[in-house]
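Student: Whenever a hint applies, use it, and build me the whole structure from the sequences.
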Amino acid sequence: MQTGNSSIDELLDGGYEYGFVTDVVSDTLPPGLDESTIKAISAKKNEPEWLLQWRIQAYRHWLTMDEPEWAHIAKPKIDFQSISYYSAPSSMKEAPESLDDIDPEIRKTYDKLGIPIEEQMALAGIAVDAVFDSVSVATTFREKLAESGVIFTSISEAVHDHPDLVKDYLGSVVSYRDNFFACLNAAVFSDGTFVYIPKGVKCPMELSTYFRINERNTGQFERTLIIAEEESQVSYLEGCTAPMRDENQLHAAVVELVAKTDATIKYSTVQNWYPGDDQGKGGIYNFVTKRGDCRGDRSRISWTQVETGSAITWKYPSCILRGDNSVGEFYSVAVARGMQQADTGTKMIHMGKNTSSTIVSKGISAGQGQNTYRGLVRIAQAAENARNHTQCDSLLIGDKCGAHTFPYIENRNPTAKLEHEATTSKIGEDQLFYCRQRGLSEEDAVSMIVNGFCKEVFNELPMEFAVEAQKLLSVTLEGAVG
Amino acid sequence: MLTINDLKVSVEDKDILKGLSLQVNAGEVHAIMGPNGSGKSTLSHVLAGKDGYQVTSGSITYNGSDLLDLETEQRAHQGIFLAMQYPVELPGVNNMVFLRESYNAIRKSRGEDELDSPAFIKLIREKADQVKLPGKLLKRSVNSGFSGGEKKRNEILQMALLEPSLAILDETDSGLDIDALRIVADGVNQLRSEDRAMIVVTHYQRLLDYIKPDVVHVLADGKIIKTGDFSLARELEDKGYGWLLDGEAA
Ligand SMILES: Nc1ncnc2c1ncn2[C@@H]1O[C@H](COP(=O)(O)OP(=O)(O)OP(=O)(O)O)[C@@H](O)[C@H]1O
Ligand SMILES: [Mg+2]
Numbered sequence: 001m002q003t004g005n006s007s008i009d010e011l012l013d014g015g016y017e018y019g020f021v022t023d024v025v026s027d028t029l030p031p032g033l034d035e036s037t038i039k040a041i042s043a044k045k046n047e048p049e050w051l052l053q054w055r056i057q058a059y060r061h062w063l064t065m066d067e068p069e070w071a072h073i074a075k076p077k078i079d080f081q082s083i084s085y086y087s088a089p090s091s092m093k094e095a096p097e098s099l100d101d102i103d104p105e106i107r108k109t110y111d112k113l114g115i116p117i118e119e120q121m122a123l124a125g126i127a128v129d130a131v132f133d134s135v136s137v138a139t140t141f142r143e144k145l146a147e148s149g150v151i152f153t154s155i156s157e158a159v160h161d162h163p164d165l166v167k168d169y170l171g172s173v174v175s176y177r178d179n180f181f182a183c184l185n186a187a188v189f190s191d192g193t194f195v196y197i198p199k200g201v202k203c204p205m206e207l208s209t210y211f212r213i214n215e216r217n218t219g220q221f222e223r224t225l226i227i228a229e230e231e232s233q234v235s236y237l238e239g240c241t242a243p244m245r246d247e248n249q250l251h252a253a254v255v256e257l258v259a260k261t262d263a264t265i266k267y268s269t270v271q272n273w274y275p276g277d278d279q280g281k282g283g284i285y286n287f288v289t290k291r292g293d294c295r296g297d298r299s300r301i302s303w304t305q306v307e308t309g310s311a312i313t314w315k316y317p318s319c320i321l322r323g324d325n326s327v328g329e330f331y332s333v334a335v336a337r338g339m340q341q342a343d344t345g346t347k348m349i350h351m352g353k354n355t356s357s358t359i360v361s362k363g364i365s366a367g368q369g370q371n372t373y374r375g376l377v378r379i380a381q382a383a384e385n386a387r388n389h390t391q392c393d394s395l396l397i398g399d400k401c402g403a404h405t406f407p408y409i410e411n412r413n414p415t416a417k418l419e420h421e422a423t424t425s426k427i428g429e430d431q432l433f434y435c436r437q438r439g440l441s442e443e444d445a446v447s448m449i450v451n452g453f454c455k456e457v458f459n460e461l462p463m464e465f466a467v468e469a470q471k472l473l474s475v476t477l478e479g480a481v482g
Numbered sequence: 001m002l003t004i005n006d007l008k009v010s011v012e013d014k015d016i017l018k019g020l021s022l023q024v025n026a027g028e029v030h031a032i033m034g035p036n037g038s039g040k041s042t043l044s045h046v047l048a049g050k051d052g053y054q055v056t057s058g059s060i061t062y063n064g065s066d067l068l069d070l071e072t073e074q075r076a077h078q079g080i081f082l083a084m085q086y087p088v089e090l091p092g093v094n095n096m097v098f099l100r101e102s103y104n105a106i107r108k109s110r111g112e113d114e115l116d117s118p119a120f121i122k123l124i125r126e127k128a129d130q131v132k133l134p135g136k137l138l139k140r141s142v143n144s145g146f147s148g149g150e151k152k153r154n155e156i157l158q159m160a161l162l163e164p165s166l167a168i169l170d171e172t173d174s175g176l177d178i179d180a181l182r183i184v185a186d187g188v189n190q191l192r193s194e195d196r197a198m199i200v201v202t203h204y205q206r207l208l209d210y211i212k213p214d215v216v217h218v219l220a221d222g223k224i225i226k227t228g229d230f231s232l233a234r235e236l237e238d239k240g241y242g243w244l245l246d247g248e249a250a
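If you're matching them up, the sequences are chains A and B in order. The first sequence runs contiguously to residue 482 in our numbering. The second sequence runs contiguously to residue 250 in our numbering.
Read the hints as simulated data drawn from the structure, not as lab findings. Here the structure is a predicted model, which means the values were calculated and not measured. Please note that a few of the clues may not be correct.
To be verified - So the derived list for chain B, only partly shown, Cβ under 7 Å to chain A, looks like this:
| id | residue |
| --- | --- |
| 1 | Ala48 |
| 2 | Lys50 |
| 3 | Leu70 |
| 4 | Thr72 |
| 5 | Glu73 |
| 6 | Ala76 |
| 7 | His77 |
| 8 | Gly79 |
| 9 | Leu82 |
| 10 | Val88 |
| 11 | Gly92 |
| 12 | Val93 |
| 13 | Ala105 |
| 14 | Ile106 |
| 15 | Ser147 |
Quick reminder that beta carbons are idealized off the backbone N, C-alpha and C, glycines included.
Tutor: Okay, here's the thing in structure tokens:
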């Protein structure tokens, strides 16, 4: 029989199922970053001059910035000259005419990942944009969506097909000056998804993007832009995976959401980038800026995230509650196991009257994982009767991991009602013994305790994905207590 | 059904059980009494297979096979149930879901079909009524914020639901009001049958009055130092343990 916590450590040893590499010939820029790199990216995409200029401006601004160091994460400084900023399968040089013309190797990759990029095989009601390294390789159901006026396309194509929309909104929520990684993204972003929902339209399908990093030594810098016109509604989901590699790889994305009067955007993420091995070797640096702008009255933006992967996660999906009576929500499950570090949370910026926000953060730490919740609730002077409810719970598995919470409140209006609750609990040997004594296997016990802990967040995910997320969490924590 | 032979157990190099032997036959109810710290919970935990105990010698045979070879959950599947002295809280895990998962895990291990939700809800309601556990406790998280007595009642509910072949109750009566004590006793008495056995660890005569165990043991300093019938419990209630311990020293 064992003593102490050694058995808890073993259960944390979950495998990573998505760590394979696809063997495709790629057209990859040599490592290094200067203005010629940016021109090369822009040229590959045949971009209009204004966009190139915007990139260059961002790049010049970036040169004046320093990598932020305030997050509760430890990592060596990134050598930005050792990264390649663009890589695309050579078969994508000539954009495939139709979904049938996609490189079979790439098609196989998505089959293996369980992502339907063939419409006839698709899950009912879900359209997919598949981004492979720096390019979108397939976008399904575009024609069907176009029938209701919904634009669902890669951002590179949107630049050509809908230049005015892109020009109006790109950088309007997250300016390139916002932060170091957002600025870098503005300079070198390669692809991502563009969504436009016209006035009064409820998007007839669930939209999703699946991000895959494949090439070695590359960074992925995608940009997503979603615009929901007045009285429209859309639900969007993104998923991500990457091969297992010994080096760290950088993923620095920017997501901008714009919700007009009475519009609703629901944005869900299931992030499962390669987390690195048990010694902390390799894994993705996931440094992402996500922000939604509730521009109109009664608009609503809801972020739900399940963050199980990445060596380091650094992201704060936020809402600017500009319109009166607008609503912002943030539901998060973040896992840090092995040597993973997560510093994640949200910002709710209340500007309009009667705005309300809800924050539910569930942090799970296991192994030597370090999980930090960092959240800001700011009530501007003009934001009469603003309300926020924050609930921030941490679950520890084993005793070498850590949970930290940094809730910041800046309140300039005395009518605000702000509530904050926080708990920390631990899955102990006693709990596992109790469950096993009642006939449950150790893995089922952990999964039951963890899923119970995350229930409020999973309830927010679209149904098919809630089941997936539960499974993912169980697999991630498999071996966490063995 | 259960044969413990010269069992020695230590925790972190400290000897706790020092050569304990015990024979429990099907159909019997045994009471174990004994001073604080004598090793009663240790024995219960070792029987249920809790980690952290080193069995340094001796054997435990359950239904003819070596119990120490089995994992905790396998023992549960084979009908061993431990009502714990300190039931554990599982925040966020709905009590009803927990009971169902547990019930079905045990059924599955026996090759029986899992019970679907409606059938299970019906069953659990009956059992809850039986042990007078308020329905609202089924909807809460397992033992989370339950009062001491409610936790114990929840243990008895689980026992009533799982119908174990060997039930071990570790001080289930401690901290209970008189009515609840009655419920625990009823729970034990209802389960009593020719093919089941029970080990009831208690400090109090009162529970035993209701249960009327077949055998009463005194466990002191890691060994059974006296075994008798029900009248031994009475004697202990009157005289305490001193006379036995002195006897042992002599
Ligand atoms: N993990 C442990 N580390 C060190 N000592 C332990 C540990 N677990 C139990 N013990 C010791 O073993 C002895 C027996 O404990 P046990 O809980 O079995 O007693 P008990 O007979 O159940 O007592 P009570 O009547 O108070 O419940 C005690 O001295 C206790 O302190
Ligand atoms: Mg005890």
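Student: Does each hint fit the structure? Answer for all of them.
Tutor: Hint by hint, here is what the structure shows:
1. Ala48: Check passed: Cβ of alanine 48 of chain B comes within 5 Å of chain A, closer than 7 Å.
2. Lys50: 5 Å, holds
3. Leu70: With a closest approach of 11 Å, the leucine 70 of chain B hint is violated.
4. Thr72: It holds, given that the least Cβ distance between threonine 72 of chain B and chain A is near 4 Å, below 7 Å.
5. Glu73: Holds, about 4 Å.
6. Ala76: 4 Å, holds
7. His77: 6 Å, holds
8. Gly79: 10 Å, violated
9. Leu82: Nearest chain A Cβ about 6 Å off; hint holds.
10. Val88: This hint holds: valine 88 of chain B lies near chain A, its Cβ roughly 4 Å from the closest one there, short of 7 Å.
11. Gly92: Check passed: Cβ of glycine 92 of chain B comes within 3 Å of chain A, closer than 7 Å.
12. Val93: Because about 4 Å separates valine 93 of chain B from the closest Cβ in chain A, which is inside the 7 Å limit, the hint holds.
13. Ala105: OK, holds: alanine 105 of chain B within 7 Å of chain A, min 4 Å.
14. Ile106: 4 Å, holds
15. Ser147: Serine 147 of chain B check fails; min Cβ-Cβ to chain A is 18 Å, beyond 7 Å.
In terms of the numbered hints stated before, the structure departs from hints 3, 8 and 15, listed from lowest to highest.
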